[in-house]
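As you go down the protein sequences, you meet chains A, B, C and D in turn.
Residues in the first sequence are numbered from 2 upward in steps of one, following my numbering.
Residues in the second sequence are numbered from 488 upward in steps of one, following my numbering.
Residues in the third sequence are numbered from 1024 upward in steps of one, following my numbering.
Residues in the fourth sequence are numbered from 84 upward in steps of one, following my numbering.
Wrong hints could be hidden among the right ones.
Below, a list of computed lysine-lysine pairs in the BS3-like style, where the Cα atoms sit at most 30 Å apart [as the list claims (entries may be wrong)]: (1) Lys-478/D / Lys-130/A; (2) Lys-660/D / Lys-693/D; (3) Lys-662/B / Lys-1065/C; (4) Lys-765/B / Lys-30/A; (5) Lys-130/A / Lys-158/D; (6) Lys-512/B / Lys-1162/C; (7) Lys-1087/C / Lys-153/A; (8) Lys-503/B / Lys-1307/C; (9) Lys-773/B / Lys-699/D; (10) Lys-549/B / Lys-212/D; (11) Lys-1057/C / Lys-748/B; (12) Lys-303/D / Lys-224/D; (13) Lys-1243/C / Lys-1132/C; (14) Lys-212/D / Lys-1101/C; (15) Lys-1308/C / Lys-689/D; (16) Lys-1113/C / Lys-512/B; (17) Lys-1101/C / Lys-112/D; (18) Lys-1308/C / Lys-117/D; (19) Lys-324/D / Lys-281/D; (20) Lys-692/D / Lys-664/D; (21) Lys-765/B / Lys-660/D; (22) Lys-212/D / Lys-117/D; (23) Lys-578/B / Lys-1308/C; (24) Lys-503/D / Lys-431/D; (25) Lys-503/D / Lys-527/D; (26) Lys-1323/C / Lys-1148/C; (27) Lys-1162/C / Lys-1232/C; (28) Lys-303/D / Lys-773/B; (29) Lys-1148/C / Lys-512/B; (30) Lys-693/D / Lys-578/B; (31) Lys-143/A / Lys-662/B; (32) Lys-349/D / Lys-334/D; (33) Lys-30/A / Lys-699/D; (34) Lys-694/D / Lys-527/B; (35) Lys-143/A / Lys-655/B; (36) Lys-660/B / Lys-1057/C; (37) Lys-1308/C / Lys-153/A.
Quick caveat, the hints were computed from the structure, so don't treat them as lab data.
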Amino acid sequence: MTATEGSPERKRGKDKKDWEPRIVGFLCKWCSYAGADLAGTSRLQYPPNIRIVRVPCSGRVNPLFVLKCLVNGIDGVLVSGCHIGDCHYSEGNFYARRRFVILKRLLEYLGIDPRRFQMSWISASEGDKWARVVKELVEEIKQAGPNTEFRKGI
Amino acid sequence: MIDRIKKKAEELLRTKQVDLIIGYKRAPDGVSVAPVFIDKAEETKELIWDTYCVYNLSNYLKDFRGRKIGIIAKACDARSIIVLLQENQLKRKDIFIIGVECSGIVDEKKLLSISPQTSELGFDERCRSCKPSKPPIYDVLIVQEGQRPQAPRLEKDPYGSVRKSEAKSISEKFKLWQEEFSRCIRCYACRQICPLCYCPRCVADQTQPSWLSRAHSFRGNFTWNVTRAMHLAGRCIDCGECERACPVGIPLRDINKKIEKDVKELFNYEAGLSAEQKALLSCFDKNDPEDFIR
Amino acid sequence: MPSEKFFVKEDLYNKLEELSKEFEIIGPRELPNKGIFYQSLKNTRDLYLGEGFAIEPIKRFFLKPSEWIFDERFRENKNILEGIPLPADKRIIISVRPCETRGLTLLDKVFDSDYKDNFYINNRKRTIIIGLACNKPAKNCFCTSMGGSPIESRGMDVLIFDMDRGLIAEILTDRGRELFASIGEGLNEGQRRLLKEDKEKKKDLVEKKLSPPEGKELDKIFESDYWEDVSRPCIGCGICTYLCPTCHCFDLVDERRKRLRCYDSCSFPDFTLEASGVNPRPTKKERYRQRVFHKFDYFKKNFGENLCVGCGRCIRHCPVKIDIADIVDKVPGLKKE
Amino acid sequence: MKIGVFVCHCGTNIAATVDVERVSQEAAKEPRVKFSTTYRYMCSDPGQNLIKEAVKKHHLDRIVIASCSPSLHEKTFRKCAEKAGVNPYLMEMANIREHCSWVHQDRVEATAKAIELIRLALAKVSRNKPLEYLYIPIEKKVLIIGGGIAGIQSAIDIAFANYPAVILEREPSIGGRMARFDKTFPTLDCAACILTPKMVTVSQSKHVTMHTYSEIEGVKGHVGDFTVTIRKKARSVDINKCTGCGACYNKCPVRVPSEFDMGLGKRTAIYIPFPQAVPNVPVIDRQNCLWFTKQKCGICKKICPFEAIDYDMQDEIIEEKFGAIIVASGFTQFNHAVYGEYGYGKYKDAITGLHFERMANSSGPTGGKIIRPSDGKEARDVVFIQCVGSRDEQKGLSYCSRLCCMYTAKHALLLKEHNKDAQAYVFYIDIRAAGKNYEEFVKKVQDEYGAVYLRGRVSRIFEKSGKLIVRGADTLSGAQIEIKADLVVLATGLVAQPDAPGLARMLHIPYDRNNLFTEAHPKLAPVETITSGVFLTGACQSPKDIPDTVATASAASVKALGLMVQDRLQREPLVAKVDAKTCSGCFACIQACSFTAIEEEEIEDKRLKKKRLIAKVLEGVCTGCGNCTAVCRMSAIDLEGFSNRQIMEEIEAL
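Construct the complete structure from the given sequences, taking the supplied hints into account.
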């Protein structure tokens, strides 16, 4: 189990063999976070690779958050919000959608595997979709392999 | 042309329509050009205009907020003035734009042979995808007289090189940019030369939180370059100053162009054409693409 | 004391190839359309031996653009600071311009005098520097006005002269002698004469001149509007300082529970921003003046030399053509020869 | 900084999969953690007491609770923190139940993940700032949008509590759909008999103001302080002078189909929609009035003894302030033109339920006779078709309109009451009669009134020798059925008003794909919306019968009154904040704010020694969505509670 020393490198598999992807999800608290809650209430099982950062709205997610995760060596980043039209704040996900299509394309242009940054719309009633998305994401990131390039050098 | 520019500048200062003229003068090396700031009518003699006038002088407008400024602007420079107006960084009444008809400027780096492998001298790459020779905004327009100098040959597809790069494999792209960014020395010249990087405190300099690593590593350099590009999304007007300023030759325009292309294709949005249009990322369309979303 | 050796380029490449087993070989390499950059050379034939100047000086290998200086760990409810181990691998930097090593000798005064900077000193110790005399100084070079020259050898272990028919290496230190023991041969009379002539010729190659202010001349115009005028075009980037072989200001930042030392520049507004929000150098005027004064006044008062080697990089690469030599030359009220 | 970590077993919900003791031990080794423990039910009273005592004993200044989802107990633990003397916003939760113990089975993995989730919460809480609640004043007046039974009931309830209510109704009279009904199921009260007294109560209440023939133009502001722009359409009759004598419409020469009577009857150009209209003041239909179309006539003006007629009257725009808004904008009927097979529009004798209501009404256009619109003869065999539009995802609506079963049964009964010889046939899919005495009512209609119920869909209707031939299947007997009907009545479903999305956008309330307004929580906040101070009642939210509508109206009134009785309003301080030094005044945030919660502010920039414009957040209006923070390139605007530092710290801790 975990060592507790402060280094951020802790718990990362030394070998590729026992490497497990680390994924971060930025979830809006109204829909996607509640959807993940529902997955729990429904006892749907999914791999433990994802860590959730709770945000009020997908519109809150600054592209720099995503970037920070990636350069910190996080293997995959997911931004998830309400379906279009369901936004608690009526329009937040529209803004998120626009800003992240640009980021996604830019990252791909710069050679970042597109699987590493993804978006989804998951409603509060889609616990099953949440579990499925996490499963798929973990599979895809496993195929993409560990995100090690940014760990080289300082 | 230069006589009329001088005359106009002289008149503006003499009649106190402006407090200061921002223009071009010859640099001490006798070949290249340097920015000049003139507040006395008689000093307008110093002004020059030729194909070495590479600078986007609108970058200096932020230094003189609240004063009446006359500025010499090429088409690309004028577009950045439009974005500055759009973003409330300028008051239209405070600036007098001496628009100049431009038929391309030189590629200063090649010309001054900083890179010894000098290829044929010529126009800056950016001028080959710039159609308008007249600024989209001006108070007075100084046009070329007599025979027009030869303009650069326009690219058929302004995004041709972007398309070519897009077609590369992920690992090729990664390797390419890893090499490019590895040279970045984080001097922030790309930011400082950019007329649209006017933030009082750039996120790169903020420490609470520390948005990006200060380390001169791929990690830090990648973050900086992506941040810079993202913050110019829908705003960059491709004056190319960042790439010109970059001492280590990172093809920054290529990144800017990539976003420009996406923004145009996805949202039919072009920066710097109207001061009234909303900021790209501060608005949306119900039908924005979402095929990338699960 | 110094001895000379003659060899051809091919010999040098082969020698470097052999040395690369023991040393990391660093040298300038030309990247098409980008410029010349010092790199760790996998293939020694990539070594650039031409007339051009590398964009970044070798400063970066001694005072690194950024390096961890200690690590903070948390164990059993306690914060523990751990030093970062110093690298021990040996390096050769070759084809270094005289101005760059001159720069190192100035940096030595800062980092290896009263104050001992272990990181810098360790880097100095583990590095052998092989210089290359300038055949064609650039337009902006003014090293001769700053106490250097195209054949200046201070700070080097070996200085190579590129003659038409081959290379002549002037061996300056024991480390250099050891390194070049098995390459080339001693000079004959003709070669010796040629070298002497070449040295004479090269001394006069630099055209740009600057007479730096003497004594307290600069102090008198500290408050002058001149600084405001000359700093107006400055955009506040870090090119001049980062590319300068002598600028050595750094910042300390904490990242990921480690402390990082990285370049900083007096041209950045944040450089002197105090925690209280006060900034004693609020505008470009104060910041640019600081640059000039540090180089031509304060450093001279402290260490007896100008903090400038006249390499011309800051002029060459300034995006808005600010020419420090021109500015210093035209300081109002200076007596001119 | 002294952080306390409290790990909840949640009985076995967490403890069965996560080794809570180990989690607590590991948490204790984290930086800044001074105390860590576990308990069976942290949310219980003893659990909360444990937290309070630990805070006191170990001088804790920040708290991390590792338990269930914050959606469930964030409020509980914030209050607990507050009682323990810790600022409620210095508490963070790690969701180790829904996001961990319930979704993983491997004990080792789940325990490891729980530790990391706590580490994340620790990272965040270390960057939390103590926040103080916001308080905003309240305008003591309620706006009710819609003057149907929902709006009327709300107004009565609010007036009863002595608070002013304003009804906004776009028709010339209040009353809404209910005023058109004949009788109401299952009690068969006459709709007018029970509605009219309520309308009169409203009109006579000193606390209720009515803006009839008026539309809403815009809403600004926020709970406690809404500014609403209202367009009072030109009625052409001075409401203060008119006494409702009726002289004008009795003499008006124009006859046009009456909207109120579904076109079955006629009205004049100056008219009141129905005799019991409130206010009892006519309106001129300018589209059809001869004065307005041909500049002729003018009889009404000449004849009016009170000089109340004003042809030059203009629309009037007024602005009023409200502390709360009740949305009671109602519904409209499903447009069943998509069902070509039912022949509506093609055959005059295929009508909707609402037509039937008007016919059945003794004061209606037919005087209470159920006739065939084609020839005016009394209808004998009447076929009722249910679920027209409802429960048909392909052509109509995905949902059940809920009341069609009941009103069709009522129609079948009324048919028999109006004509002893009549026979009702009802085609249905299922009979949904869930309600007090509903099932009994349907049974009665079948047993005592002889209505024939046929389970199946109608495949085709066509005309043959003056009758409508209805073909369908009775799926219970498996027989093909063909009925020669005099009249076909379609039980059309209920749908949102066509302009509902526009209203929703004005009010910043969400609406679903059927354009029905969305409540804050379908179970626990059914009349609230996510925009505080805006409440829902009636069929604008989902199809509702009269009892449900009245119930939600009273519920919404109570919610509104709950605001009215407070001196000031407490709000969560999770709002955006601007750092003046960093703001460039580009106002990307203002453009991106859906709530107009940011405005420009002039400040004196000490550094530049100049005045300049920067952004300023209106705390009362800000909903805390944080969109502004992500469009701000210089990160000058930040969101309390989800600040950049908090989120970046979480990222760094991963």
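Are any of the numbered hints broken by this structure? If so, which, sorted upward? 10, 16, 18, 29 and 37
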